[in-house]
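Visitor: Order-wise, the sequence lines are chains A and B.
In terms of this note's numbering, the first sequence is numbered consecutively and its last residue is 313.
In terms of this note's numbering, the second sequence is numbered consecutively and its last residue is 778.
Watch out, some of these pointers could steer you wrong.
[Stated by the list, open to error] Computed from the model, here is a short list of chain B residues facing chain A with C-beta under 7 Å:
| hint | residue |
| --- | --- |
| 1 | Leu-376 |
| 2 | Ala-378 |
| 3 | Asp-380 |
| 4 | Gly-381 |
| 5 | Pro-702 |
| 6 | Thr-708 |
| 7 | Val-709 |
| 8 | Ser-734 |
| 9 | Tyr-735 |
For the record, the hints were derived by calculation from the structure and aren't laboratory data.
No experiment lies behind these values; they were computed from the predicted model shown.
Even for Gly, the Cβ is constructed at its ideal location relative to N, Cα and C.
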Amino acid sequence: MIATGLQRMTATDQLERLRQVLNAALRGKSQVMEYVLACLLARGHLLLEDLPGLGKTTLAKALATAVGGSFARVQCTPDLLPGDITGFSVFNQKTREFEFLRGPVFADVLLADEINRTTPRTQSALLEAMAERQVTVDNVRHQLTDTFFVIATQNPVEHHGTYPLPEAQLDRFAMKLSIGYPQRDDEIGMLGAAIGQRPEERQYPVVLQPGQLRELQQSVTRIAVEPNVRGYLVDLAGATRRHPQVTLGLSPRGLLTWQRVAQAWAFLTERDFVTPDDVQAVAEPVLGVRLGLVPEAGRSVISELLQSVPVPV
Amino acid sequence: MAPDIAQAVRRVTFALLAIAAVAVEIAAMDTRPVLHSVARAAVWIGIAAVMAGRMPIPAQPRQRPPGWVTLIVLALTLAPLAIEPLRRSYGSEGYPLELQMVMGLRNAGLAFAACSGWLLCLRLACVTSLFLMLFAAAMTNHPASFVLLGLYTAVGGVWLMLVYWSSLQRVFATPQYEVAIAVASDRLRLPSVSLIAILIVCASTVAVLALGPRHVGIWLGELLPTSGGTGEVDPWARYGVGDGPEEVAGDNAQAAGMVETDTMIEDNKNALIDAVSDMFGMPHKPPKHQEKMVAGGLTNVIQNHGELPENQRPSRDFDTSRQGRPPGRKPSSRLARGLFEVEGRTPLHIRQVVYTRYDANRQEWLEARKPTTSHLEAEDGDWMRLGHLREANWYAEDDRHRIKTAAMTTNLVPTPALLTRFRIKKVDRPQYYEWEYEGVVALAGRRKTPPGIVITTICRTLEPSRLAAEAFPSPGFNPHLEDVPPIIRNEIAPLAQLWAGDYPRGWPQIAAILHQLRTDYTLDPDIGTPADHPCPVLWFLMESRRGPDYLFASAATFLLRTLGYPTRLCLGYYVSPEAYDRETAHTPVRASDLHFWPEVQLRDGQWLVVEPTPGYETLAARQPLTERIVQFLRALAAWAYRNEVALTVVLGAICLTVLYRRQLWDRVLLWRWRLFPAASWQEQVRRAVRLLERRARWARRPRPVGLTVRAWLRHYSSVFEGCDRLARLVERASYAPRDVPPGVDSPQAVCAALLSCFTYNALRKFPPPPAPARAPQP
Numbered sequence: 001m002i003a004t005g006l007q008r009m010t011a012t013d014q015l016e017r018l019r020q021v022l023n024a025a026l027r028g029k030s031q032v033m034e035y036v037l038a039c040l041l042a043r044g045h046l047l048l049e050d051l052p053g054l055g056k057t058t059l060a061k062a063l064a065t066a067v068g069g070s071f072a073r074v075q076c077t078p079d080l081l082p083g084d085i086t087g088f089s090v091f092n093q094k095t096r097e098f099e100f101l102r103g104p105v106f107a108d109v110l111l112a113d114e115i116n117r118t119t120p121r122t123q124s125a126l127l128e129a130m131a132e133r134q135v136t137v138d139n140v141r142h143q144l145t146d147t148f149f150v151i152a153t154q155n156p157v158e159h160h161g162t163y164p165l166p167e168a169q170l171d172r173f174a175m176k177l178s179i180g181y182p183q184r185d186d187e188i189g190m191l192g193a194a195i196g197q198r199p200e201e202r203q204y205p206v207v208l209q210p211g212q213l214r215e216l217q218q219s220v221t222r223i224a225v226e227p228n229v230r231g232y233l234v235d236l237a238g239a240t241r242r243h244p245q246v247t248l249g250l251s252p253r254g255l256l257t258w259q260r261v262a263q264a265w266a267f268l269t270e271r272d273f274v275t276p277d278d279v280q281a282v283a284e285p286v287l288g289v290r291l292g293l294v295p296e297a298g299r300s301v302i303s304e305l306l307q308s309v310p311v312p313v
Numbered sequence: 001m002a003p004d005i006a007q008a009v010r011r012v013t014f015a016l017l018a019i020a021a022v023a024v025e026i027a028a029m030d031t032r033p034v035l036h037s038v039a040r041a042a043v044w045i046g047i048a049a050v051m052a053g054r055m056p057i058p059a060q061p062r063q064r065p066p067g068w069v070t071l072i073v074l075a076l077t078l079a080p081l082a083i084e085p086l087r088r089s090y091g092s093e094g095y096p097l098e099l100q101m102v103m104g105l106r107n108a109g110l111a112f113a114a115c116s117g118w119l120l121c122l123r124l125a126c127v128t129s130l131f132l133m134l135f136a137a138a139m140t141n142h143p144a145s146f147v148l149l150g151l152y153t154a155v156g157g158v159w160l161m162l163v164y165w166s167s168l169q170r171v172f173a174t175p176q177y178e179v180a181i182a183v184a185s186d187r188l189r190l191p192s193v194s195l196i197a198i199l200i201v202c203a204s205t206v207a208v209l210a211l212g213p214r215h216v217g218i219w220l221g222e223l224l225p226t227s228g229g230t231g232e233v234d235p236w237a238r239y240g241v242g243d244g245p246e247e248v249a250g251d252n253a254q255a256a257g258m259v260e261t262d263t264m265i266e267d268n269k270n271a272l273i274d275a276v277s278d279m280f281g282m283p284h285k286p287p288k289h290q291e292k293m294v295a296g297g298l299t300n301v302i303q304n305h306g307e308l309p310e311n312q313r314p315s316r317d318f319d320t321s322r323q324g325r326p327p328g329r330k331p332s333s334r335l336a337r338g339l340f341e342v343e344g345r346t347p348l349h350i351r352q353v354v355y356t357r358y359d360a361n362r363q364e365w366l367e368a369r370k371p372t373t374s375h376l377e378a379e380d381g382d383w384m385r386l387g388h389l390r391e392a393n394w395y396a397e398d399d400r401h402r403i404k405t406a407a408m409t410t411n412l413v414p415t416p417a418l419l420t421r422f423r424i425k426k427v428d429r430p431q432y433y434e435w436e437y438e439g440v441v442a443l444a445g446r447r448k449t450p451p452g453i454v455i456t457t458i459c460r461t462l463e464p465s466r467l468a469a470e471a472f473p474s475p476g477f478n479p480h481l482e483d484v485p486p487i488i489r490n491e492i493a494p495l496a497q498l499w500a501g502d503y504p505r506g507w508p509q510i511a512a513i514l515h516q517l518r519t520d521y522t523l524d525p526d527i528g529t530p531a532d533h534p535c536p537v538l539w540f541l542m543e544s545r546r547g548p549d550y551l552f553a554s555a556a557t558f559l560l561r562t563l564g565y566p567t568r569l570c571l572g573y574y575v576s577p578e579a580y581d582r583e584t585a586h587t588p589v590r591a592s593d594l595h596f597w598p599e600v601q602l603r604d605g606q607w608l609v610v611e612p613t614p615g616y617e618t619l620a621a622r623q624p625l626t627e628r629i630v631q632f633l634r635a636l637a638a639w640a641y642r643n644e645v646a647l648t649v650v651l652g653a654i655c656l657t658v659l660y661r662r663q664l665w666d667r668v669l670l671w672r673w674r675l676f677p678a679a680s681w682q683e684q685v686r687r688a689v690r691l692l693e694r695r696a697r698w699a700r701r702p703r704p705v706g707l708t709v710r711a712w713l714r715h716y717s718s719v720f721e722g723c724d725r726l727a728r729l730v731e732r733a734s735y736a737p738r739d740v741p742p743g744v745d746s747p748q749a750v751c752a753a754l755l756s757c758f759t760y761n762a763l764r765k766f767p768p769p770p771a772p773a774r775a776p777q778p
């Protein structure tokens, strides 16, 4: 159940190269990259809540290329239809049959930009795809790729003409991140790297061969979680349900997601078991996407939760 | 538990409590109408029902109830105790204290039933109802109680059925029944509870100090029916039926019995005169051929046809010329059965016979005359007060004794000296008593004081050395009690002047006489006086300088009379502190405790016991608490001064132990960790972490609740070497599967290295770690 030494060495190398690629694509955001990798390895989906132009598309493109998969981008608008995402059937006059034209959801990495601008109907089309990795069009079920990974973005500033994501859909995301502006040195380096190069010509190296991402994800599932750590997770989940400023506590599905992300975090730390540090490390992005808070609640709620539950030894 | 069933269980539990509450109210006073009892119980049931209706149902029934539930239960529990004084003041009835407590328990049960949404309260309510029902069933055989018992059984059956059903359905409450109640996850500890406990302890201490332990003991003794309430303190207290103070502790069955049940046995065995002869020996027999002239009236001579009239009255005069104690007497015959037992401070002198006049010719002390007037007055609570006593300012605090008769040989009521009031329950009228002698009370019309009665006495105490000269009457105040036969006066007057002439009048003179007798003369109970000596007392004072106690007492009496102090001689029982029985907390008095002592009359008419016999003491004055504390402190200081070296060493050791208690305890735990390692390396590492955490707690640098061990150790990694290594080790020990190796050669060495530097003193130098935030990235 634990990765062997050779497998571990291979995985370590792969992860290191993935880090390099992603950090080169998006400078100065190594911590965000770690969360992105954890989300990817945990087979979760990522919600990026950030301003435009901070590198979300770049991140998605680099990630898609690095993991050896295909990339698709959907700019969500109010007139976007579910079929625009999932695909639709057209009548081929030559063959006299309907043919299914695959939508962007069939890519390995899907970037749903400004997801809160599209209608709930279109948003819900993503539900089945994100949760079950399949879509149903015209009563025909189509399987998505094993490594299907959604990066959805939303603008935290503009709320006019938006459709806030329902809690049911938020719970499908593994974590919510914010990239933020880079540091000064990073921006200087970014400017220097852009000299003499057109953005559309920028190429990202392929790190993983087909199937390797799946193996990595499989390895993550085998990371051990001892009973005392599982108990700690459950206690934390209970604390979210009792906290007075939390209107919607952690669901069992969210708890499972938290454990998977913690496993991925331990895997990234090159450990074969999960510690409470891993649980705490991913608490903020995991809980941030799914806890319902009262309007006056601050960002300290998650810290309060972590401080209220004793850590087992 | 499904919500509908949970609600049903709560309601049935409340019904159980309601039935038990009515049953207890009926049992508390089964002589009043049942409807009256039901109405009284209904008031409390109604209050609890209103509370139950307004009580929220918690979402988590298995959690501890919030603090305000405790306050509600406490308030209802204490309500009967608070109301009782009002009932007694404005009503004509009252409950004894034990029933007040039961009523408090009933209210507590009702409060628990009202708060039965919490599982803990539900359980407590059920247990309380069962206890109350059993209490009611045991207390009374009123028909209504049997009806209620049957009803309780039926409802209890329904309750059991509902609880069984509920155990089959593991869902407790659905959201529509739930009320969100914020309950903190950590353990709630009401500060008010601690405060109340501290207040109760303080109030109890103040009460004990103010009333004195003895009064508190008596008061507490009346709490429970089985310990025998006497009504002495609380007029509503119930009488005992078991083992209370009304029972007499004795050596055999005849000596034990209850006041209200024991048959008053009369027999003619073991008269006092027999005991006196047994104790001091038979008087010398007069010569066979001795002519005696008896002055008889003409009428007597005629009626008796010239023969001398027979003396029908048993003589209690005491012959001071005696043969001495018969030799070879078996110890068993000396150890008579306990006559009575004394509870209270000792030594005591219990008078039996009083002698005031000495017949020098017959060498006999003549019994004092019986007082003609009664000076007893009845008081509340069956108390008899001695009404003839005058007020005086030389007395200390009163003292209280309980004397329990077992096998008295006379009809005298054994009472200590300086008696002011006494009490024999049910014998509560002055005409039941008579004065045998001045200061000696007897039961009127009885030959013997029956066994099994309890005599509660209150007597004055005084410190003789503090008596002023005015406390003693002037010479000639009572010539009858200052009379000394000339043959004796001529001999001992110079002696008295020699011993006490230089001392001022009053206690110093008396003390000087007593001191001489107690130091220069030897007590010899077995010695007899020569049959041919004209005055045994002079023989004792001038020649032998040793003798039994009656010679000491007689000599002191004569000496004091010579100095002008009204003095009398008493025969009675000496209650020795050496005979105190710790098991029964009583001092038994036997026939062998017969003793003679003189008594000096004070100006207020009371008799002061003085003790010339070596080895015998008098009852010291009862000191107030402050004096006792000062005396104790002085004694303590003296003891400390005597044992200064040992005390210094012990105190130093204690101080060092207290000062370095944490280091010492830590050292002990560290050695245990080293010498007795755990079975696995994982557990050994965890124990090391617990040691470190204990040190941190002692240094007021505890690991914050949500902080992981790794983050906590990392906080100190720049200070203590080895923190990182131990952090990694702890992660493997605590969170990795058991078959994962430690990753280091010797986990023990890693732990020991950090344990050696991560000390209590070192930790105190550094700030505590911050609360957990987001963990650092890998």
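Visitor: Does each hint hold? Answer for all of them.
Guide: Going down the list of hints, with the structure as the test:
1. Leu-376: Hint violated; B:Leu-376 Cβ to chain A Cβ min 75 Å, cut 7 Å.
2. Ala-378: With Cβ-Cβ at 71 Å, over 7 Å, it is violated.
3. Asp-380: At 63 Å from the nearest chain A Cβ, B:Asp-380 fails the 7 Å test, so the hint is violated.
4. Gly-381: Violated, about 61 Å.
5. Pro-702: Constraint on B:Pro-702 not satisfied, violated at 11 Å.
6. Thr-708: Holds - the Cβ of B:Thr-708 comes within 7 Å of chain A, reaching about 5 Å at its closest.
7. Val-709: At 6 Å from the nearest chain A Cβ, B:Val-709 passes the 7 Å test, so the hint holds.
8. Ser-734: It holds, given that the least Cβ distance between B:Ser-734 and chain A is near 5 Å, below 7 Å.
9. Tyr-735: holds, 5 Å
Checked against the numbered hints given earlier, this structure breaks hints 1, 2, 3, 4, 5; the rest are met.
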